[in-house]
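There are 4 protein chains.
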Amino acid sequence: MNDGIKSREKAIFEAGIKLGALYHQFTGSPVSPESVDSLERAIEESIRNQAHVESISVKIDRTLLKENLNRFGYTELTGLMLEVELAVKVDETCIHAEMKPVEGYPLMLLLHERT
Amino acid sequence: MNDGIKSREKAIFEAGIKLGALYHQFTGSPVSPESVDSLERAIEESIRNQAHVESISVKIDRTLLKENLNRFGYTELTGLMLEVELAVKVDETCIHAEMKPVEGYPLMLLLHERT
Amino acid sequence: MNDGIKSREKAIFEAGIKLGALYHQFTGSPVSPESVDSLERAIEESIRNQAHVESISVKIDRTLLKENLNRFGYTELTGLMLEVELAVKVDETCIHAEMKPVEGYPLMLLLHERT
Amino acid sequence: MNDGIKSREKAIFEAGIKLGALYHQFTGSPVSPESVDSLERAIEESIRNQAHVESISVKIDRTLLKENLNRFGYTELTGLMLEVELAVKVDETCIHAEMKPVEGYPLMLLLHERT
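Chains as they are written, first to last, in this note's numbering: chain R, 96 to 210; chain C, 96 to 210; chain V, 96 to 210; chain S, 96 to 210.
Pulled out of the complex, with its shape left as it was, chain R reads as follows:
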């Protein structure tokens, strides 16, 4: 195994860690149309702190959010509301991954761009 492969594998592992962490840290948070902007920013800035994160974009689906409001005008963040794009860099190798709803399941997947 050469170093290039090792960096790539480590970056892929780290990308998985970040998506799993984001999901289980922040789903369940109370969220409404009024508070959705601050939650998106906080999730981005929180996960960006973690080791090897090069960039992250978090979008919460406003349509799905509004469809799920309870009688008090809010709902809980669910995995299906999340669209996340993530770049993780180890040494010189950058890996892109994303989370998005696919057929009713919040899928996490690797994208095959590289540097």
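Because the hints were derived from the structure by calculation, they are not lab data.
Treat the numbers as computed from the prediction; the structure is a model and nothing was measured.
Some hints here could point you the wrong way.
Straight-line Cα separation of at most 27 Å, DSS-like style, residue types lysine-lysine; simulated pairs [unchecked claim]:
{"no.": "1", "chain 1": "C", "residue 1": "184", "chain 2": "V", "residue 2": "105"}
{"no.": "2", "chain 1": "V", "residue 1": "184", "chain 2": "S", "residue 2": "161"}
{"no.": "3", "chain 1": "R", "residue 1": "154", "chain 2": "S", "residue 2": "195"}
{"no.": "4", "chain 1": "S", "residue 1": "184", "chain 2": "S", "residue 2": "195"}
{"no.": "5", "chain 1": "S", "residue 1": "184", "chain 2": "R", "residue 2": "195"}
{"no.": "6", "chain 1": "R", "residue 1": "195", "chain 2": "S", "residue 2": "101"}
{"no.": "7", "chain 1": "R", "residue 1": "184", "chain 2": "S", "residue 2": "161"}
{"no.": "8", "chain 1": "C", "residue 1": "195", "chain 2": "V", "residue 2": "154"}
{"no.": "9", "chain 1": "V", "residue 1": "161", "chain 2": "S", "residue 2": "184"}
{"no.": "10", "chain 1": "C", "residue 1": "101", "chain 2": "V", "residue 2": "105"}
{"no.": "11", "chain 1": "R", "residue 1": "184", "chain 2": "S", "residue 2": "184"}
{"no.": "12", "chain 1": "V", "residue 1": "161", "chain 2": "C", "residue 2": "184"}
Dock chains C, V and S against chain R, hints included.
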């Protein structure tokens, strides 16, 4: 039991729910000096969504945060970093509660102001 | 305000804290028909550790669980699956509270038994 | 890129997801010497539900647990208390990963066994 007492008891119960929820939803979040502002705002706006919350203020202790940074420049939000002031209103009865570190324990307590 | 009232109010506040904590700590946990027993026991034993908890019973709705299994044979614990009975004691005052689904919302409520 | 490499990369990504999920779902749980067994079992059985998990072992450090008990006789599960061994299988490729404390940091790492 008269209605006044019932409203007061319900408000006290709701105040407890909010503090327990806030604590176990958001502790563990990665946080750094750069991201602490957005996390404070998101926690406030998230919990403010919940039923009966009249007002909420969340402050994260920057000194404790900086003392706990890991080698990657961030740490995790802990209960001891949190200072929360919360007002919950049921009917016309408003209850104030807070969370703050007392003797090394993140204490949640009722304050005996009323409207 | 006499001591009896103060104990009762404190017990009510503590009951709220426990239910809010339980909800936001454990919802989101992967759960299946095979693992539901161990999750129920762990939630009970975990929350029973907290100050002033006299007793706790946690039941996860197997029917709702099975209706929500994903293609991999599991789902996530949601508030609507939870039925919780909780007794909290401060000094000699015991308060009973519960969480259960009411009209599509995971309601937390005080019960008016006393000792 | 051949299929063998793709399976291996996918397994590495999935291993990261599981460790990130486990960490941020279950840290913060109240735990004591009396309840630690049920929490270990519940974490194992919960994460074992997730897609592609072949096996998982979760051990919580009793010594560290006891050193951190608060005045009420419990503490919160932290990353530093966790030792996790995980095997994830995609197609015929099995990846081993672990989490354990290394120099005061809860490190997640890939192990280089293969099938």
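Cross-check of the supplied hints:
no., hint, in the structure
1, C:184 / V:105, "holds, 17 Å"
2, V:184 / S:161, "holds, 25 Å"
3, R:154 / S:195, "violated, 32 Å"
4, S:184 / S:195, "holds, 21 Å"
5, S:184 / R:195, "holds, 22 Å"
6, R:195 / S:101, "holds, 20 Å"
7, R:184 / S:161, "violated, 38 Å"
8, C:195 / V:154, "violated, 32 Å"
9, V:161 / S:184, "holds, 25 Å"
10, C:101 / V:105, "holds, 15 Å"
11, R:184 / S:184, "holds, 24 Å"
12, V:161 / C:184, "violated, 38 Å"
The earlier numbered hints that this structure contradicts are 3, 7, 8 and 12.
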